[in-house]
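Read in order, the letters of the sequence shown are residues 13 to 122 in the numbering used here.
A hint or two may mislead.
Computed cross-link-like contacts, DSBU-like style, restricted to lysine-lysine with a CA-CA straight-line distance of at most 30 Å [unchecked claim]:
hint, residue 1, residue 2
1, 32, 46
2, 20, 46
3, 14, 32
4, 20, 32
5, 14, 46
None of these hints come from the bench; they were simulated from the model. Here the structure is a predicted model, which means the values were calculated and not measured.
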Amino acid sequence: MKLYFTDKQVPELSNIADYKRGIVRDGALDLFCKERHWSRWWFRFCNGLLILPGIITYNVSDAAGNQFWTSAMIAAFPVIIIGIVYQSILTERLRPYFQQYIEGHQNEID
13 MKLYFTDKQV PELSNIADYK RGIVRDGALD LFCKERHWSR WWFRFCNGLL ILPGIITYNV
73 SDAAGNQFWT SAMIAAFPVI IIGIVYQSIL TERLRPYFQQ YIEGHQNEID
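With the hints as constraints, model all of the structure from the sequences given.
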């Protein structure tokens, strides 16, 4: 699995204008959800769950006697790492749908 830090790193999205990549990602996610009969609510819920490791880490760090900003910086680390991995997995799963959406909406993207 490749880690994607930006949409520009995804081969299917690299030739598309910056402001249209979000449109393609959104359309591909719709296609993905329709095929699997899922709701977009599921992805919002998973994104919300990313906060839990940060809250747990913050409470542990705060209980150890660290200052607020130190605890906050320590708590941000697992949230960022887990977030990058989660979004990279999602992007990898969406890659065929990027191509499908681009082919079906070529006139809107150009």
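Outcome of the hint check:
1. Restraint check for residue 32 and residue 46: satisfied, since their Cα atoms lie roughly 21 Å apart, inside the 30 Å limit.
2. Pair hint residue 20 plus residue 46 holds up; C-alpha atoms about 25 Å apart against a cutoff of 30 Å.
3. Pair hint residue 14 plus residue 32 holds up; C-alpha atoms about 22 Å apart against a cutoff of 30 Å.
4. The straight-line distance between the Cα atoms of residue 20 and residue 32 is roughly 11 Å, inside the 30 Å bound, and the hint therefore holds.
5. Of the supplied pair hints, the one linking residue 14 and residue 46 holds, its CA atoms being roughly 25 Å apart against a limit of 30 Å.
In this structure, every one of the numbered hints holds.
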